[in-house]
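Novice: So you can see what is in the structure, the chains are spelled out below.
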Amino acid sequence: SQQGEEDPQALSIQEGENATMNCSYKTSINNLQWYRQNSGRGLVHLILIRSNEREKHSGRLRVTLDTSKKSSSLLITASRAADTASYFCATDASSYKLIFGSGTRLLVRP
Amino acid sequence: DAGVIQSPRHEVTEMGQEVTLRCKPISGHNSLFWYRQTMMRGLELLIYFNNNVPIDDSGMPEDRFSAKMPNASFSTLKIQPSEPRDSAVYFCASIQGSTDTQYFGPGTRLTVL
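Chains A and B supply the protein sequences, listed in that same order.
Note that the first sequence covers residues 10 to 119 in this note's numbering.
Note that the second sequence covers residues 343 to 455 in this note's numbering.
Looking at chain B on its own, in the form it has when it is part of the complex (with noise of 0.2 Å):
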């Protein structure tokens, strides 16, 4: 079975731009979830997603950062307009059920010139 896959693996943008990160969970899984990790950090739960519907974005950094999920399999990450310390590898993870088991993907590297 393919686990969760996220697009791009790697991206490098100019400050000011717009960033737009993909994720597609494991198929059948109903809850996702988006994470920052950064040296300073570490891994920082940014938004919760069940069925498809937000349930907690108190991770959100700002109102530059911006999710959705339209649907069971997909969802995106925007972040506009981009800035230097946005520089983090974002990683998308998915669950299934009320498992407790999270299964992340091999993250996007992104890099804020």
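Just chain A, same shape as in the assembly (with noise of 0.2 Å):
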């Protein structure tokens, strides 16, 4: 079964909104990474944040955890029509195995 699992499954938001997903995993974790799928290609990584780490930014990337809640949120700033695409987070499950959730699909309005 899939470790983590976004939240919203789809999103659809105006140019310059901000947009917030969240994933929710099971297992305890070293870390959590959010990655993006552009339609028709490979995964982008976006930012890793550390068990240790509460919060960590990336220009227009905010990253979150809350390792008692086994939750992280990543909220985008000012979105572009440019950030459509498919945003999954992904837990590692040992030393190199990724766990990937279900994915955001974030819709940005022009």
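For the record, the hints were derived by calculation from the structure and aren't laboratory data.
A virtual CB, placed ideally from N, CA and C, is assigned to each residue, including glycine.
Be careful, since some hints might not be right.
Claimed, not checked - Far from chain A by the CB rule (all over 10 Å, computed), these chain B residues:
id, residue
1, 344
2, 350
3, 353
4, 362
5, 364
6, 369
7, 370
8, 371
9, 393
10, 403
11, 422
12, 427
Stated by the list, open to error - Now the in silico label distances, taken between C-beta atoms and shown as ranges:
id, chain 1, residue 1, chain 2, residue 2, range
13, A, 75, B, 443, 19 to 27 Å
14, A, 26, B, 395, 41 to 49 Å
15, A, 21, B, 438, 32 to 40 Å
16, B, 413, A, 21, 41 to 49 Å
Stated by the list, open to error - Some chain A residues close to chain B (C-beta under 7 Å, calculated; not the full set):
id, residue
17, 40
18, 51
19, 57
20, 109
21, 111
With the hints as a guide, dock the two chains, each given alone in a separate frame, to form the complex.
Specialist: Structure, rendered in structure tokens:
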């Protein structure tokens, strides 16, 4: 079964708005990563947050991690049409193995 | 730098045929992963190689699937015989050393008729 589950499954927003996606997982982790997948393309790594971190920023991205609730959120501020993609969280099931969630499909309307 | 390269990008074949997917990892990366992505099951790890050695093949669905990595710059995933339920997008990813970030190729979209 999948380790991470994203919520919502799909999100549609207007350009300029903020987009928030959530990820819940089941077991203890060392780190959690977020990846983006544009239609018909491979996944691209966005950001990694370690279990001892609570928040991390990268450009317009902000990730939070709550290990007590086994959840993470990805916030994209001031969204652009180019942010339209699917977003996946991935947790480390072992030293090399990542378990990917089911993804959130984000549509940013111009 | 060139990223992970996969070929072919699209493959359409008939049930029972052999299919070979190819991957060239990023130069210097010593670990390689094969994934399969479907709407129903999401992204699943099929097999993991480290320094060209298969470490974990527990995700390989059945004996019809096999993977090799003859050298650090090339890997293949073979399906023989192929079945319609093998239709999916197959991704290859690589990492360097013990880092956590995986670099994905563009994928091969396989359709088995």
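Novice: With reference to the structure, classify each hint as holding or not holding.
Specialist: Taking the hints in turn, this is what the structure says about them:
no.	hint	result
1	344	holds (13 Å)
2	350	holds (14 Å)
3	353	holds (15 Å)
4	362	holds (19 Å)
5	364	holds (15 Å)
6	369	holds (17 Å)
7	370	holds (17 Å)
8	371	holds (13 Å)
9	393	holds (12 Å)
10	403	holds (16 Å)
11	422	holds (25 Å)
12	427	holds (19 Å)
13	A:75 / B:443: 19 to 27 Å	holds (22 Å)
14	A:26 / B:395: 41 to 49 Å	holds (48 Å)
15	A:21 / B:438: 32 to 40 Å	holds (37 Å)
16	B:413 / A:21: 41 to 49 Å	holds (46 Å)
17	40	holds (6 Å)
18	51	holds (3 Å)
19	57	holds (6 Å)
20	109	holds (4 Å)
21	111	holds (5 Å)
In summary, the structure agrees with every hint in the numbered list given earlier.
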